[in-house]
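Asker: Based on the provided sequences and hints, a complete structural model is requested.
Each chain, written out:
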Amino acid sequence: MFQFIIRRTVGALVTLILIGAATFFLFVAAPSDYASLACGKDCSPARLEDIRQALGLNLPIHQQFWDFMSGIVMGRDFPTGHCSAPCLGQSFYSGDMVWSTIMDRFPTTLTLTAGGAVVFVIVGVGAGMIAAYKRGTMVDKVATGVSMVLSSFQIYVLGPIVLLIFVYSTGWMDNPAYHPITENPWKWFTGLLLPVLVMATIFTAQYTRMARSSMIEQLAEEHVRTARAKGMSNKYVFFRYAWRGSMIPIVTVLGIDISAMLGGAVVTELTFSLQGIGRLAVDGAVHKDLPLTMGVMLFGAFFILIVNILTDIAYAYIDPRVRLS
Amino acid sequence: MKPISSRRARAIVVALAAGSLALTACSKNEGGDSGADSKKDQKEASVQSKAVTYADAAGSTGPAEAVPGAKTGGTINVYQEAGLSHLDPGQIYVSDAGQVANLLFRRLTQFKEDGKGGVSVVGDLATDSGKSSDGGKTWTFTLKDGVKDQNGNAITSADIRHTVERQYAKFIFDGPTYLQTWLSGADYRKALPNGGFDGKHLPDSVLATPDAKTVVFHFDTARPDLPQTLAMAGYAVVPEKTDTKEKYDKAPVATGPYKIASNKVGKELVLTKNTNWDPKTDSVRHQYADSFDLQFGITESTQTKRLIADQGADKNAIQLTGGVESTQIQDVIGNAAVSKRTVKGYQPYVMQLTFNLDRVKDIKVRQAITYAVNSKSLIAGEGGAYGGDVAPNYFAPTLPGYEATYDPYGRLKTPQGNIAKAKEILKDVPAAEKKVVFAYSNSEAGQKRKVAIEDALTKVGFNVVSKEVDSASYYEQIGKLNNPYDLYITGWGQDWPSAGTVITPIYDGTQVADGSSNYSHVKDPKVDALIKKALSEDPTAAAATWKEAQHYLLEKVIPAAPLWYTKQFQLSGSNIGGARYGSVSSLIDINRLFVKS
Numbered sequence: 001m002f003q004f005i006i007r008r009t010v011g012a013l014v015t016l017i018l019i020g021a022a023t024f025f026l027f028v029a030a031p032s033d034y035a036s037l038a039c040g041k042d043c044s045p046a047r048l049e050d051i052r053q054a055l056g057l058n059l060p061i062h063q064q065f066w067d068f069m070s071g072i073v074m075g076r077d078f079p080t081g082h083c084s085a086p087c088l089g090q091s092f093y094s095g096d097m098v099w100s101t102i103m104d105r106f107p108t109t110l111t112l113t114a115g116g117a118v119v120f121v122i123v124g125v126g127a128g129m130i131a132a133y134k135r136g137t138m139v140d141k142v143a144t145g146v147s148m149v150l151s152s153f154q155i156y157v158l159g160p161i162v163l164l165i166f167v168y169s170t171g172w173m174d175n176p177a178y179h180p181i182t183e184n185p186w187k188w189f190t191g192l193l194l195p196v197l198v199m200a201t202i203f204t205a206q207y208t209r210m211a212r213s214s215m216i217e218q219l220a221e222e223h224v225r226t227a228r229a230k231g232m233s234n235k236y237v238f239f240r241y242a243w244r245g246s247m248i249p250i251v252t253v254l255g256i257d258i259s260a261m262l263g264g265a266v267v268t269e270l271t272f273s274l275q276g277i278g279r280l281a282v283d284g285a286v287h288k289d290l291p292l293t294m295g296v297m298l299f300g301a302f303f304i305l306i307v308n309i310l311t312d313i314a315y316a317y318i319d320p321r322v323r324l325s
Numbered sequence: 326m327k328p329i330s331s332r333r334a335r336a337i338v339v340a341l342a343a344g345s346l347a348l349t350a351c352s353k354n355e356g357g358d359s360g361a362d363s364k365k366d367q368k369e370a371s372v373q374s375k376a377v378t379y380a381d382a383a384g385s386t387g388p389a390e391a392v393p394g395a396k397t398g399g400t401i402n403v404y405q406e407a408g409l410s411h412l413d414p415g416q417i418y419v420s421d422a423g424q425v426a427n428l429l430f431r432r433l434t435q436f437k438e439d440g441k442g443g444v445s446v447v448g449d450l451a452t453d454s455g456k457s458s459d460g461g462k463t464w465t466f467t468l469k470d471g472v473k474d475q476n477g478n479a480i481t482s483a484d485i486r487h488t489v490e491r492q493y494a495k496f497i498f499d500g501p502t503y504l505q506t507w508l509s510g511a512d513y514r515k516a517l518p519n520g521g522f523d524g525k526h527l528p529d530s531v532l533a534t535p536d537a538k539t540v541v542f543h544f545d546t547a548r549p550d551l552p553q554t555l556a557m558a559g560y561a562v563v564p565e566k567t568d569t570k571e572k573y574d575k576a577p578v579a580t581g582p583y584k585i586a587s588n589k590v591g592k593e594l595v596l597t598k599n600t601n602w603d604p605k606t607d608s609v610r611h612q613y614a615d616s617f618d619l620q621f622g623i624t625e626s627t628q629t630k631r632l633i634a635d636q637g638a639d640k641n642a643i644q645l646t647g648g649v650e651s652t653q654i655q656d657v658i659g660n661a662a663v664s665k666r667t668v669k670g671y672q673p674y675v676m677q678l679t680f681n682l683d684r685v686k687d688i689k690v691r692q693a694i695t696y697a698v699n700s701k702s703l704i705a706g707e708g709g710a711y712g713g714d715v716a717p718n719y720f721a722p723t724l725p726g727y728e729a730t731y732d733p734y735g736r737l738k739t740p741q742g743n744i745a746k747a748k749e750i751l752k753d754v755p756a757a758e759k760k761v762v763f764a765y766s767n768s769e770a771g772q773k774r775k776v777a778i779e780d781a782l783t784k785v786g787f788n789v790v791s792k793e794v795d796s797a798s799y800y801e802q803i804g805k806l807n808n809p810y811d812l813y814i815t816g817w818g819q820d821w822p823s824a825g826t827v828i829t830p831i832y833d834g835t836q837v838a839d840g841s842s843n844y845s846h847v848k849d850p851k852v853d854a855l856i857k858k859a860l861s862e863d864p865t866a867a868a869a870t871w872k873e874a875q876h877y878l879l880e881k882v883i884p885a886a887p888l889w890y891t892k893q894f895q896l897s898g899s900n901i902g903g904a905r906y907g908s909v910s911s912l913i914d915i916n917r918l919f920v921k922s
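Listed in order, the protein sequences are those of chains A and B. If you count by this note's numbering, then the first sequence holds residues 1 to 325, one letter each, in order. If you count by this note's numbering, then the second sequence holds residues 326 to 922, one letter each, in order.
If you're looking for bench data, these hints aren't it; they were derived computationally from the structure. It cannot be assumed that every hint is accurate.
What the hints assert, rightly or not - So the derived label-pair ranges between C-beta atoms look like this:
#1 A/S70 - B/K570: 19 to 27 Å
#2 A/A85 - B/K570: 21 to 29 Å
#3 A/Q63 - B/A483: 34 to 42 Å
#4 A/I17 - B/A483: 49 to 57 Å
#5 A/K141 - B/E769: 39 to 47 Å
#6 A/T9 - B/K792: 48 to 56 Å
#7 A/V10 - B/D512: 50 to 58 Å
#8 B/A576 - A/V282: 24 to 32 Å
#9 A/Q63 - B/A576: 26 to 34 Å
#10 A/I313 - B/T397: 54 to 62 Å
Note that the coordinates shown come from a computational prediction; the quantities given were computed from them, not determined experimentally. No residue lacks a Cβ here, since even glycine has one placed at the ideal position from N, Cα and C.
Answerer: Have a look at this one:
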């Protein structure tokens, strides 16, 4: 296990460096940069050069890349002050340190992700398991039918409808907003309740169907048939034998979904006017803000890699046949 | 002379693009009875275009006239889509930061509105709007007593000197450059490379501060507009002792009625009362609300929905620079209760179809296109009557000197374009000159405009080749001297109510260069002479010269076909009092607002 973690960590670092390089060089290959955007319409060559100098864009590209990547581990100095490690640079647009901006926005994304995951794993997987257990009955048909309908919804459709009903028309709930849990736990809970539920609804439908089909597949396996033949009860067979095997594909997709959400649930954040990592990524692209874009990309990639490692570890626990190597 | 202030138009691009991004099929939203609304708007427009007066000490003395029914207390929520790129006054040029600057910062002079269209320049930090001598080449300002920054430090002439000189430093690159170039020429940074931070200063022959209360500007030519220039947010005072250079952008020191309590860039900016602001020294601003809570990242569509719904915290909310989203205009104007909570008026921007005179050399081609363009179709794409009005000439209704009926191409009579007249003009024009390359921005608004332009010109017999340009770098691309385009839509708005900030930047032949705002590359000796003459005259005489320049340009040169005037239409919550359209800002007048209960 230890060797596995070391090996995967080293691999993750190499991957992050490659992602950083790819993002950086694609960005600088674009025909215009932040300096020309900031320079405005009365841009003169001298003015443009002043801006590029102020932003460090006049340095050779490889120097800029090295400064950025080395700053992650060693920190960097800017005219506005020192940026401690992990330093993801200084935003061209806002002038803020990218790391502090990301940390400011991350709790919103984390709350959305964690809250959504809890709901759709418990409800979605639970409903799918029950549907598989009660296959062919009315319970199964209702669960399947509802999940089919809900999985055809999109956040940008369901979100505005929910806002219209619960916020704009009735005033039952306030406009969604993030409040730190340390300030007011109740406001923290209710502030993001609507977006969490909307997001969870979409995912729940998918996980219901996935859990149901995965469980049905497991119930047809030979070892489950053998267990039944040996006289074990349905409930015992279901929870002791079939359940674990059915979790492998669910864990795989869960890992992908969580890492994607941690990188920024852009559509949810835009729909509910939330300021999370997703909005930050969009802002970075719109403003041609290289440090912000690099920072968000690396931050998102970091979580994808971490969650992948955790997913692989989870496989080993779920399925004893899987050996970490 | 090189006034460089074209980033106002970037604000147009940002503002219009942000609004236009939310446009969908707009056929239902014609803005109600367009005809009746337009006539009323034009009547109001003539009010907005009254000449600016310069006030004396009496007009500059505080406190500001009380807003009827005003109460103190409460928090005003302010919704905005994009965050503010700068809070350092020296870097402020665009309207969103400018609105916030009205609450935070004071400057030598300020605009004051009487609500009936009358606009005057009053002394803000200064006792009056300034005294000129030496034929307008010298301007003297005396500072008021008792004006302090948020830390309780008195503002002195040394702070004014510092405010001006720091603009010469390289880290200030986004703000206005009028004053610097008037004082030190086009290469002003060479006159003071370190912005005064190294102890070196501008000579007294340029900027003098003989005592702690007096500031004297010396120019090589008359500058009658100086009081208006100094009213720009970009020239708000930066106290010398508290200047942290690049860091100032995050934590500027306030001199206005509010100061920054917290600032999360792009997310939330909270302003609270500045207890060191003395209303007796301020004839413009108020301090009714306890705080302003600016929340960013809220799209114009969501802002409109929230304010129409008017629930909870939205009752205390306003829009900063956004407006009613065009697809929801009918929801607003069709509901009397909601409609009462709107403010509207003309913005200073005129949208034009600019010709690249280096390529479109035949004046008959330019004439024909000017007759042919369909303003009605273009305006429909902007939200109908609430989004814009047909522009018959180059001067916006907010500009002193605006002539509502000056319409040499009959655009008011035939806003859909006069195809017959255009065809007649083009009769003898060779076919080779009827092929035109039209550049358009690849935004949603740009796509709609492309369709309208292609449709109109094709009807006349032009072969239109449309080229898409990345919206983020649109102005950079069309601003290149050797760009490969014949036509492009541009917009321009005055920096202050003077035609000098319209004609000069976009038609001055001495400013034809890469990145210049003279997108048509006009180099006409008569235009240059008229510009030079007008810039040295007092406002009354200058008005006649600007009028002559406009007429000459539009009739004899035709560097652009005027298309439409832009309008602003904003909504506020039901608990907001004092809401009134500000002619100078073209936005809700943020200085007058209060929370009703």
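Asker: Output the indices of the hints that this structure fails to meet, ascending.
Answerer: Hint check: nothing fails, all pass.
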